[in-house]
Amino acid sequence: MNDALSGHAPGAPVLLPVADHALLVEFGDEIDDATLIRIQSLDAALAATPPVGVVEVVPALTHLLVVFDPVVTDHSAIAAAVTDRIEHRSHSAPGTHHVVDMCFEAAHAPDLAAAAERAGVSEALVAEAHLSAVYRVGMYGFAPGYAYLYGTPPAIQLPRNPTPGPPVPAGSVIITGQQCLVIPVAMSTGWFAIGRSPVQVLRDDPDRPFLFDVGDTVSFRRITAAELDARLPAEWR
Amino acid sequence: MTTSVLEVVRAGPFVTVQDGGRPGMMRFGVPRSGPMDPFAHAAANTVLGRPVGSTAVEVSLGGLTVRCADAPITIAVCGGGFRVSHNGDDCNSWTSCTLQPGDTLAITAGGWGSWCYVAVAGALQARQWLGSSSTHVRSGLGGGAVATGDRLTVIDAQVDDARTGPIDTPASTRPTDVLRVVPGPQLQCFRPGALETLLGSPYTLSTAYDRMGVRLDGPALELDGSLAIPSSPIVRGSLQVAGDGVPTLLFADHQTTGGYPKIATVIAPDAASAAQLRSGQVVRFAAVTPEQAVAAARSAAADSTSQLAQVAARPGLRTRHLLSTNLVDGAFHPDETDPDETHPDEAHPHE
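Chains A and B are the protein sequences, given in the same order.
If you read the first sequence in my numbering, its first letter stands for residue 1, the second for the next number, and so on.
If you read the second sequence in my numbering, its first letter stands for residue 238, the second for the next number, and so on.
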């Protein structure tokens, strides 16, 4: 019971049955760019040639979940389809590149000084390191619109604070470890708020409700506090 | 077209608008949401000849009282064992009636069950998000909570007295106290014996219960502390275990990913049924193979379809076009349910 559905090559992901209606595809336990690309390639292949009975596919950091309708298919058929897509229908990971504007000025960057102190560099260097990074959207999680970006440069990879600080506003750009989020609603967090963006990841646009898809890449561009103020969405003011 | 308005005289907490749910958006962090008890929701719509998945009101143990403030309208209530009072005439929560202007319908907690549904003969107007009126409670997105003082507007309101009257409570709508699970997918994160503990012990639903999930009281399921896992996608029915060894059973508004290990996953028909359990009730878990789980899901889907047909064609009903309308394309799949999670984890930002 709960044996992995197997029969494929070494290095291939492990396929784990979940309840009656899902299959979890596990690509090891290291979060890195190569793993994200493998997952996102499979996601693209499944979207291009959807197996019968698939309800939805959920790519994440080291896993991809396939949810299916057990009335029309089962774990074995989905496992075979996943193996087929990996072995025979490779897709390059798709992805749109986004440039997200953000302001690092003190009024909008409550944790920039603490991040610099923790990293042992100047505030300017924290900002420069962040601006030099190309992040990859690894997954959404936590709540609607929380897109986890991966690719924080090693020099500013910081453990999160054990206790959350005071709330930071929507649009805050927060980092910890390899991860970065542009938060869609105000929240308390133990991550480091190093700036603020006027960009909404969760959008009031029925045609495109989420700015990013998993697999997209993101870099940041500096704007002034005056530009930020001018561009903040009305509901964030 | 006739418009009817139901004034909300009183709404308890956690009363929300729900349609059939919002599948397909988990990749954006959005769970399916939708009714905690999908069968009861489908039944309420079916009674009225409405397509399953039409927008209805999900009523919690906190109850709901509405007053018909405009044109008359036929409504149906299905789910659990609540008390329903129509202008002071009492019945249970498997019923349909026509509300005349000034009539009051009051729903209060009864002998069993946690959720019931009020469907209307017409189109209940509700805010849509991503193509669905289902309320995601944590964000408030979708149709939203129903609060005292709200006015629920129904366009194309119909009176269909032929469909009114009591409904036999379908037997399988009562929750089971043995929940079938497929072990995993993160058994390797637990100490030896943890699965046996889960399968061999009673667990009590705690009061930490909402649409996201319910924490269970019972023997701790010991994690192997040396193993940490990256956040991964989860489903409704997941039994995720926090560092304190306490399992949480995830429901309709679960988070879509989580870093707590999942020791086992309740199969969808039983996860839906378990939503009618209350805090304080005791469950046990029984392991099944993935093949047995699929067979159980198919059997449950067939049962649901035939029970919906019985609800539509219930004895004493004077109506004529029963089996013709929505029972075929409305074939009810108890759930292609999704992930849930209650607590933020390693990857999550707010602790």
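Note that these hints are calculated values from the structure, not bench results.
Built from N, CA and C at the ideal position, the CB exists for glycine as well.
Hints should not be assumed to be uniformly reliable.
Over the 10 Å line for every Cβ pair with chain B, so calculated as not near, a few chain A residues [to be verified]:
| hint | residue |
| --- | --- |
| 1 | A19 |
| 2 | H21 |
| 3 | V52 |
| 4 | H97 |
| 5 | V99 |
| 6 | A114 |
| 7 | G151 |
| 8 | Q157 |
| 9 | P169 |
| 10 | T224 |
| 11 | A226 |
| 12 | E235 |
Computed list of chain A residues with no C-beta within reach of chain B, every gap over 12 Å [to be verified]:
| hint | residue |
| --- | --- |
| 13 | I37 |
| 14 | E56 |
| 15 | V57 |
| 16 | T73 |
| 17 | R118 |
| 18 | V134 |
| 19 | G145 |
| 20 | P153 |
| 21 | R222 |
Simulated DEER-style distance windows between Cβ atoms [claimed, not checked]:
| hint | chain 1 | residue 1 | chain 2 | residue 2 | range |
| --- | --- | --- | --- | --- | --- |
| 22 | B | G368 | A | V14 | 32 to 40 Å |
| 23 | A | R221 | B | G462 | 38 to 46 Å |
| 24 | A | D229 | B | R411 | 27 to 35 Å |
| 25 | A | P206 | B | G462 | 40 to 48 Å |
| 26 | B | A445 | A | S188 | 38 to 46 Å |
| 27 | A | E117 | B | G368 | 44 to 52 Å |
| 28 | A | D84 | B | Q518 | 38 to 46 Å |
| 29 | B | V519 | A | V99 | 49 to 57 Å |
| 30 | A | G120 | B | D447 | 41 to 49 Å |
| 31 | B | P338 | A | T96 | 49 to 57 Å |
Interface exclusion of A226/A relative to chain B, criterion Cβ beyond 10 Å: holds (28 Å)
Range agreement (Cβ of G462/B with Cβ of R221/A, hint 38 to 46 Å): Since the Cβ atoms of R221/A and G462/B sit about 42 Å apart, the hinted range of 38 to 46 Å holds.
12 Å cut-off, C-beta based - R222/A kept clear of every residue in chain B: holds (23 Å)
Interface exclusion of A114/A relative to chain B, criterion Cβ beyond 10 Å: Non-interface label on A114/A holds, nearest chain B Cβ at 16 Å vs cutoff 10 Å.
Closest CB of chain B to the CB of A19/A still more than 10 Å away: violated (4 Å)
Chain B versus T73/A - minimum CB to CB distance exceeding 12 Å, so not interface: Per Cβ check, T73/A is inside 12 Å of chain B; nearest 9 Å; violated.
Assessment of proposed distance window 41 to 49 Å (beta carbons of G120/A, D447/B): Since G120/A and D447/B have Cβ atoms about 43 Å apart, the given range 41 to 49 Å holds.
P338/B versus T96/A beta-carbon gap, inside 49 to 57 Å or not: holds (54 Å)
Least C-beta distance from G151/A to chain B larger than 10 Å: holds (15 Å)
Assertion that T224/A lies farther than 10 Å from chain B (Cβ): For T224/A, whose nearest Cβ neighbour in chain B is about 26 Å away, the distance exceeds 10 Å, so it holds.
Hint check for V99/A and V519/B - Cβ pair distance inside 49 to 57 Å: holds (55 Å)
Cβ separation check - V99/A to all of chain B, threshold 10 Å: Label holds. Min Cβ-Cβ 21 Å, cutoff 10 Å.
Of the numbered hints stated above, those contradicted by the structure are hints 1, 2, 14, 15, 16, 19, 24 and 26, listed in ascending order.
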